[in-house]
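Student: Using the sequences plus the hints, can you model the full thing?
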Amino acid sequence: MSFRLRLLLALGLVAVIPALLLTWRARPRLDEARARYVREAAERSELLIAERLDRWAVELASEVSAWRNQAADEFQKLDDWIEHERGLARRRLRDAIEAIETAAVDRGLNAGLVIDGTGRVRAAWPESDPPRRPASSEALAEGLARWSWEEPSSPLQLRTVALCPPSAPRESALLLLAERRLSAQQLTGEMERLLGYPVRVDPRPAGQPLEASGERLVRVPIPRSGPPPVAVVELDLEDAGQLLFEPLRFELGIAVALGLAAAVLLALLLSDSLARPVRRLTASVTRFAEGDLAPSPMPQGPGELGTLASAVDRMLARIDREQHRRARAERLAAWQQVARRVAHEVRNPLTPIRLAVDNLRRAARRDPQSLTEHLDDESAAILQEVDRLERLVREFSEFARLPEPEPRPVELPELVERAVRGQIPADGSVRVAFDIDEAFPCSLAVDPDLLSLALANLARNAAQAMEAAGGQLRVRMQRRHEAGPPAGDGAAIVFDDTGPGISDEIIGHVFEPYVSGRGETGTGLGLAIVRRIVRDHGGLVTASNRVEGGARFEIILPLGGRSFDEPRAG
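Under the numbering used here, the letters of the sequence shown match residues 204 to 773, in that order.
Everything labelled a hint here was simulated from the structure, so no lab data went into it.
Treat the hints with care, as some may be off.
[Stated by the list, open to error] Quick list of in silico lysine to aspartate or glutamate cross-link-like pairs, EDC-like style, CA-CA up to 20 Å:
{"id": "1", "residue 1": "K280", "residue 2": "D319"}
{"id": "2", "residue 1": "K280", "residue 2": "D298"}
{"id": "3", "residue 1": "K280", "residue 2": "D405"}
{"id": "4", "residue 1": "K280", "residue 2": "E301"}
Model, not experiment: these values are computed from the prediction.
Tutor: Printed below as a string of structure tokens:
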């Protein structure tokens with residue numbers, strides 16, 4: 204897990220845990236407050252409903268009294284007609300009754316009856332649905348309002364009675380019965396405006412018992428006391444509490460989410476500001492570890508990261524200086540070894556040359572006539588050693604002055620065959636065979652001169668190993684996949700000979716300079732040149748002994764443009 208991700212998780216947890224604790228601690232308090240609110244709302248609702256019902260009754264009585272006063276003359280005309288029957292024209296009677304009904308409607312009385320002392324209805328409105336005439340047992344005291352409900356499709360009725368004139372005895376006065384009709388929807392709207400949250404008004408058949416209220420479901424009967432209720436006002440105060448407290452919970456959740464988002468944003472900014480110099484520091488060290496010794500700006504700044512960057516900068520500078528010092532020491536040691544090896548190799552042929560010259564001088568002093576006989580033998584020995592010196596100088600020069608490869612597309616099978624056949628003796632003691640797979644690439648970008656030199660050295664070594672007893676050199680060309688790293692396809696060129704093979708003492712060092720398996724006759728630079736050329740092409744070369752006998756050398760050149768591992772031996 205990266206440093207930035209760990210920091211982001213840590214800061215996120217720091218923000219989330221307090222928010223969760225706050226929510227956990229606040230929820231019981233909210234539930235308790237909601238329960239208290241429900242209890243208080245129930246008490247307040249019952250009181251408000253009772254006050255509103257009483258106020259409607261008072262308002263109805265007041266309206267009836269005002270109606271009676273407003274239409275006093277018409278009531279007097281109606282009373283006179285009732286008393287004398289023929290003392291008032293019927294037209295004037297109808298006008299008086301219409302005036303009485305109009306005044307009642309103007310006072311908001313939806314329906315009513317005017318009954319004389321004998322119980323006869325003298326006026327009734329509306330004509331389509333007049334009120335039900337009360338039985339004698341249902342007579343109301345003046346000014347006492349009563350709720351009633353007749354059937355499911357009818358509205359609720361709030362009714363009251365009054366005497367006209369007020370001071371007359373009931374037997375001789377007019378009985379005024381007035382109703383104000385309210386549907387369940389009208390009552391529901393009035394209650395919701397009064398209480399401020401949803402309610403339901405449910406009319407009830409006569410005699411149906413009223414269910415008890417619960418902790419959150421409050422039922423208020425209409426009327427509040429007296430006869431059995433004709434309707435009930437039902438309040439689900441739990442829902443009312445939800446309406447009040449759910450926004451609080453929602454706002455609390457929003458606050459927690461905003462806090463978490465702010466913490467994540469802050470964590471991103473902080474982690475980026477902290478991780479950026481670490482990434483730059485890592486990139487600088489990685490480039491240095493991969494061999495890029497060019498100076499790169501290290502992240503600097505106050506605090507621990509700046510101190511770390513300065514320390515790493517000093518360490519890299521010291522490593523760079525140490526690498527340069529070691530490189531100079533290694534180059535010096537290498538040149539010293541080369542000088543010693545060259546001196547040794549040059550000294551070996553000089554001794555036979557000196558002996559040959561001394562033999563010629565002694566022969567000249569002893570018997571000048573016989574000088575010619577000794578001249579051919581000694582000069583042949585001198586020329587042999589001079590050839591050896593020339594070969595030493597040539598291979599040393601090739602090893603020291605190998606140029607950088609200049610790749611270009613070449614026909615690889617042709618190049619291999621031409622380089623190998625040029626090193627095979629013409630006397631037929633060594634036979635050569637070529638085996639080319641169909642998947643072997645015909646064309647490859649290589650330096651033909653350098654690769655020919657490497658192939659020629661391998662072929663020459665194989666031919667020299669088999670020149671005494673003869674044998675066969677088999678050159679196989681095939682495509683191969685290397686496991687890596689880095690992995691990739693390669694063009695493999697395998698040399699199999701039937702010679703004596705490679706001795707166990709040097710098989711792990713055959714590609715090192717001045718390591719030779721031919722004793723005094725070899726310089727030990729040929730295989731070192733092969734390795735240098737193959738490495739410069741991004742390939743690898745290996746040496747091993749075959750189970751059937753003889754040596755095997757294998758060159759693998761990359762096909763994908765990536766270099767293979769360091770060459771290995773054995």
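Student: Look at each hint and say if it fits the structure.
Tutor: Taking the hints in turn, this is what the structure says about them:
1. K280 x D319: Holds: K280 and D319 sit about 13 Å apart, inside 20 Å.
2. K280 x D298: 10 Å, holds
3. K280 x D405: 43 Å, violated
4. K280 x E301: 12 Å, holds
When each numbered hint is compared with the structure, a violation occurs for hint 3 only.
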